[in-house]
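K.L.:
Given chain A, work out where chain B should sit, using these hints.
Residue numbers (the numbering used here), protein chains in the order written: chain A, 1 to 349; chain B, 1001 to 1346.
Just so you know, not all the hints are guaranteed correct.
To be verified - Cross-link-like lysine-lysine pairs, in silico, DSSO-like; alpha carbons within 30 Å at most:
hint	chain 1	residue 1	chain 2	residue 2
1	B	1334	A	85
2	A	110	B	1334
3	A	128	A	110
As the list claims (entries may be wrong) - Reference listing, derived: stretches of chain A covered by chain B, where coverage requires no fewer than 3 residues with Cβ under 8 Å from a Cβ of chain B:
hint	segment
4	88-97
5	101-109
6	118-124
Don't read these hints as lab results, they were simulated from the structure. Virtual Cβ for every residue (Gly too), placed ideally from N, Cα, C.
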Amino acid sequence: MSDQTVLEVEDVRTEFQTARGLVRAVDGVSLSLRAGETLGIVGESGSGKSVLGRTIMGLITTGHTTQVHGSVRIAGKDVHAISAKERRRLWGSEVAMVFQDPMTSLNPVKRVGAHITEALRLHLGLDKKAAAERAIDLLRQVGIPEPARRMSQFPHELSGGMRQRVVIAMALCCDPRLLIADEPTTALDVTVQKQILDLLTSLAESRDMATILISHDLGAVAGRTDRVQVMYAGRVVERSATGEVFEGPRHPYTEGLLASIPRLSDPPHTTLRAIVGSPPNMANPPDGCRFAPRCPYVQDRCRTEQPELLEIGVRRTSHVAACHFPLPDVDTGSTGDAPPRAALAEEIS
Amino acid sequence: MLMPRKNPTGSKLSARRLGGLGAGMVVAGLALVVVGWTAPLLLFLKAVLLLAGIVVLAQGLSRVVWAVRGGRPDILLWLCCGWLVLLAVVALLAPVLPLGEHVDVVKALDAPTYQSPRLLSEYPLGTNNYGLDMLARSIYGARTSLVIALSAVAIGTAVGGSIGVVAGFLRSGVDSVIGVVTNALLAVPPLVLLIALATVLEPKLRNVALALALLTIPSMIRLARANTIAFAQREFVLAARAMGATKLRIMWRELVPNVILPIFSMMVVMISVLIVAEASLSFLGFGVQAPEPTWGNMIAEAEGGTMQEHPHIVLVPGVFLFLTVFSFNLLGEKAQKRWDPRSAKL
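In isolation and in its complexed conformation, chain A is listed as follows (with noise of 0.2 Å):
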């Protein structure tokens, strides 16, 4: 693993104007990834990560009623102040994205080849020949038998997990340094979501390829991912090492994500554990802690006041949370620099 930084994102906020008000999609949210470092970004629905996502590709087209504050830089190029053909440009060679249907993300009158062909021969001039060996040979990296048969097929004569492996195909046909899988395994059934992640991450291991993982399935996420983004209402809630976030979740919300998870081992009927209450309406989000009305931990400054995203990590590697109360670490039972919690948890329970 190098230590180039691919991605740096810093304090973006993207913001639509609707007509029940400002809505502020993503908030504020930092973050930075190295070349052939995987990141999960995990949340619930409308937690603005899809949003992320497309704001780092500089797909959302800003306007009078869509604005981007803030900068991304994608191998040093800030994404959203460069003009719109060097932009252009940067897609596909240097990010590429994966969408989340593997259905609608591929044209159905569009042969499987000329989807791979295309950029090819616009981002890196291959005449027809070579650019259509080349997608030969990236249909048998992510794993399709007969490439070559495959080629002259139409999208609709694939099954669904091999459609999203020609989506995936394309994504990686030049090269990027940066890959964004935007829910790469929701429209799959659960036995190809398998195969579809496991794909990706070797790709991304043999590519030395920094990539972002977003999903709402935390199983998704778990032991693929080097680290994991926890996010809530647009704002970054927990950031640490993967396994860190999974054995001690630091963050209520995480907690309660966490918790969510139906687990083998319970027996027949167990009520799932759900998270009371729902997002907050994001044209008009609580004032403080954006959890604060669901946390079962809530206290008065978390209403009142909004919580920063500061380290509370107790071992070497970072881990930073959201809150002001910041649930004990597993095994040292330091909350860090925030005041202790143990006892009030205990009271309330």
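P.N.:
Only chain B this time, still in chain A's reference frame:
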């Protein structure tokens, strides 16, 4: 249903009976056609017999094919295609076919006027008031009608389709301007628009085609725009953008191939509409001018009581017009069913 329907009973006996019935109907139909064509009856009766014969013949053929192949053919569709192909071929080859005089009155001076149709005579479909051959005139009329309708639809589709795709893809300002223009064009009654155009344009083939093209543009814009909007929201357009495709490339490579299918079925229906429109214009005297024949001005020749005495003057071009429009309509309907975006798999 694209697959031919299977014979529900399926047994050999019933297939044979079906075939027998079909063969009987073919014979009866042929007999009716021959009687209808040759019998010394009133023209109206002859036409009725002829039509009935054709219907029985078609049904009989359908049953024979059904019995032989085991699937029910869409005989009507094949008849329509056959008619259109035949018409196109004779219209194309008209100058080299041994046809009677169609336009030069002087050459027809010694020909009988108002000759009734008689199949095996020199004038199979009769002659008009100048003694010009009705068959030749109908075929040359088909030439004019088809050329005008096809080129008008081609122009209208190319212009309207591309404007519609651009409007549907770019939206915002461009879309609203195009929307206003389209609505304005649609608000003018088509015939009034055509007559207004006829007053300023010379009634030549090219001008008529252009005027009719103008008529098709707004509906093509609407269809292309609506389909483009629907397809532009699919993720593959975003995916193409994310791969660095320019707007022009997205429109041309991603959207046009998808939008073209519904447009195509609309085109076929549009052809039949324009054939009728062209005939109406010629009937009113705004289209291609007599003696150059078109179906419209041929029908107009029967004005002033001629029709009562010589119904073939109206019936001959009328039947040509009817069969052609009917065929294009049927073809358009089938095309729409086949390529309806709502029934598409993806």
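K.L.:
Now tell me, hint by hint, if it's right for this structure.
P.N.:
Quick rundown of the hints versus the structure:
1. The straight-line distance between the Cα atoms of residue 1334 of chain B and residue 85 of chain A is roughly 44 Å, outside the 30 Å bound, and the hint therefore fails.
2. Restraint check for residue 110 of chain A and residue 1334 of chain B: the C-alpha separation of about 24 Å stays at or below 30 Å, so the hint holds.
3. Proposed proximity of residue 128 of chain A and residue 110 of chain A is supported: the alpha carbons are some 16 Å apart, at most 30 Å.
4. Under the rule that three or more residues need a Cβ within less than 8 Å of chain B, the assignment of the segment 88-97 of chain A holds, with 8 such residues.
5. Given a C-beta distance limit of less than 8 Å, the hint that chain B covers the segment 101-109 of chain A holds, as 8 residues qualify and 3 suffice.
6. Given a C-beta distance limit of less than 8 Å, the hint that chain B covers the segment 118-124 of chain A holds, as 4 residues qualify and 3 suffice.
Of the hints listed earlier, the one the structure fails to meet is number 1.
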